[in-house]
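Participant: Listed here are the chains, written in short residue letters.
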Amino acid sequence: MGRFAIGRIVHGVVVVFCVAIVVFATSRLVGDPVGVILPFEATHEQRAALRHQLGFDRPILEQFGEYITNLARGDFGTSLLQDRPTISIVLEHLPATFELVFAGIALAILIAVPLGVVAAVRPGSLVDRMSVSLSLLGLSVPEFFLGILLILFFAVELGVLPASGKGGIEHLILPALTLALPAVGRLTMIARSSMIDQLGQAYVQTAKAKGIPRWRVVGIHALRNALIPVLTLSGWELMRALAGYAVTVETVFAWPGVGYLAFQAVREQDVFLVQTIVLVVAVLVVFVNVGIDILYRVVDPRIKLG
Amino acid sequence: MSSTTRESVDAGHERDVVRGRLYGVSHALRSGLSELWLDKAGLLGLTVIVLIIACAVFAPWLAPHEPSEQSLLNRLTPPFQSWDHPLGTDGVGKDELSQLLYGARTSLVVGGAVVLLSGTFGIVLGLFAGYRGGRWDSTVMRVVDVQVAFPGLLLALTILTVVPPSLKSVIVVLALNGWMVYARMTRGIVLQARETPYVEAAEIVGCKPRRVIFKHILPHLASPLLTLAVLEFAGIVVAEAALSFLGLGIQPPEVSWGLMVASGREYLFTAWWVATWPGIAISVLVLAVNLFASWLRVAADPQQRDRRFAQTSRLTQTTETR
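Chains A and B, in that order, give the protein sequences.
Per the working numbering, the very first residue in the first sequence carries number 1; after that it's consecutive.
Per the working numbering, the very first residue in the second sequence carries number 307; after that it's consecutive.
Please note that a few of the clues may not be correct.
List of simulated lysine to aspartate or glutamate pairs, DMTMM-like, C-alpha gap at most 20 Å [stated by the list, open to error]:
1. A/LYS166 with A/ASP83
2. B/LYS521 with B/GLU509
3. B/LYS346 with A/GLU99
4. A/LYS166 with A/GLU66
5. A/LYS166 with B/GLU509
Which stretches of chain B does chain A cover? Using the computed rule of at least three CB atoms under 8 Å from a CB of chain A, they are [stated by the list, open to error]:
6. 354 to 367
7. 465 to 478
Simulated DEER-style distance windows between Cβ atoms [as the list claims (entries may be wrong)]:
8. A/ARG267 with B/THR426: 43 to 53 Å
9. A/ASP197 with B/GLU506: 28 to 38 Å
10. A/GLY35 with B/PHE575: 31 to 41 Å
11. B/LYS514 with A/LEU126: 40 to 50 Å
12. B/GLU501 with A/GLY55: 49 to 59 Å
Treat the hints as calculated values from the structure; they're not laboratory data.
By construction, the Cβ of each residue, glycine as well, lies at the ideal position given by its N, Cα and C atoms.
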């Protein structure tokens, strides 16, 4: 177990290092940050001066070495527009994103598991067919459009919930719901199919034969095993939400998290801020990934992962 | 003399092969279509896809206006009010219907190009990794592992801050993000196929690796990869729309559904239709592709068919015993 955990963590560190390489390479080799920072009419001398000031005129390996040592010291660079260390800007915005993402995924699990279980216990019933259509819909409607539909209905038409910004719990409802619905689709499907699998197992037959009440067989014996894939997939949904949906959903609702920050930073071409956001989110995603792998083994000791 | 007979035998053989192949194709088409008729959801999906492709192809003839034509006199015309603008106009008076028709082109072109690029790249790498094994395999799979863990949208963000966004850069960025799914799946199937007697037989007969890979193993991959490609297509359509929505994808004056949704955001409280039509268009296309893919997954793979059959029979069994 210990060796396994260490192996996963080392792999995670390697991934983060590769992300750092990619981020470095895109800024120095693919594009030219100097062209982005300076206005179009800047003279050649001004460009050269800035290039020298940023150290871009030195050998590429030397630059990379300095970049990595700076990262290791916690120096992620300075925001071009706010003139502050980028890392402190990102850390300020992280709590809002955590709040939104955890609320969204928790909501998704709370909706998906009961729905999937009922659908599995009564295949072909109304709930079953509803859960299938719901998940197909959740898969097909892009999350940014879903957010807009919710705003149109709850904020514009009914006027009961705020359309954007952050404040009390009422501000959290629409963005969390938007983040949850695509996940609900996938989680319901996996809960349903793994429950169907479990109900066909011999131990369920045995439990029934012993005269254990049906709700106990389904709700305790089968559910505990059926939840394992749901758990793994939830972790995966958490990753997806952090790394992808957060950007679009936060932008739609002007939710002041890291995703919205990324949107603004890209808009304003604040290169170093974007790079810091990417690195921080990559670390988070890798961390969650390693966590899932380890947790997965703790929950189900039968599983042997590389 | 002997050479002539051999030639004629070869020609005859070739004719048979061609006829057999034609028969195979037509048979597969016919049985596929009859099965599609049974799966109404899949049929609906395919119909909608064909309709959208037709809209994209015939956009110049169908559209009442140029998609970029602005008329500030007709700003925010509500839908269903005039034949001139059946679906209304947006904030600068551009016709919604015309933009939708042309926007279909962007979605389909980006989806098709990305699937083609990333699919080809991923499949070739996966084939060699799986067949050669050893160092090839471990290198490719390590890269795949790292990239799977790397959040895709973030890679797009890093690249699109320093490279000016355009149709081409969107295609390249999305293709860079998508290839490893194909590589991983191809490698897995190749590893399985390598152990099968027919591949062993081909190797014993003396086929060169390239022939074994492309003639014997690749056809085995066709059906799962086709399904994967169709599903990926749906994902790419959404990804392009999301990038364009964020202002990192297609740039005006070119048209994209995601861009239209973004421009409609400003008018949510006054003109609901500006963001709604393109959003519905994206959802309908993606839903249709998903429905078609779920039919294809079962229809293109005999093993899946069996599995589905077994599962339904087990389902009925469990309900019966209850």
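Participant: Next step is simple, just say for each hint if it's right about the structure.
Facilitator: Structure-based check of all given hints:
Restraint check for A/LYS166 and A/ASP83: the C-alpha separation of about 25 Å exceeds 20 Å, so the hint is violated. A distance of roughly 12 Å separates the Cα atoms of B/LYS521 and B/GLU509; the hinted pair therefore holds under the 20 Å criterion. Only pairs whose Cα atoms come within 20 Å are accepted, and B/LYS346 paired with A/GLU99 is rejected, the gap being roughly 42 Å. Proximity of A/LYS166 to A/GLU66 is assessed by CA-CA distance (about 38 Å); at most 20 Å being required, the pair is judged violated.
Restraint check for A/LYS166 and B/GLU509: not satisfied, since their Cα atoms lie roughly 65 Å apart, outside the 20 Å limit. Judged by the Cβ-Cβ criterion of 8 Å, the segment 354 to 367 of chain B is not covered by chain A as claimed, because only 0 of its residues qualify and three are needed. Interface restraint, the segment 465 to 478 of chain B with chain A: holds (5 residues with C-beta to C-beta distance below 8 Å; minimum three). Between A/ARG267 and B/THR426 the Cβ separation comes to about 34 Å, which falls outside the hinted range of 43 to 53 Å.
A C-beta distance of roughly 34 Å is found between A/ASP197 and B/GLU506, which places it inside the suggested range of 28 to 38 Å. Remark: the range hint 31 to 41 Å for A/GLY35 to B/PHE575 is upheld by a beta-carbon distance near 38 Å. Roughly 58 Å separates the CB atoms of B/LYS514 and A/LEU126, a value that falls outside the hinted 40 to 50 Å. Here the CB-CB span from B/GLU501 to A/GLY55 is close to 54 Å, well matched to the stated 49 to 59 Å.
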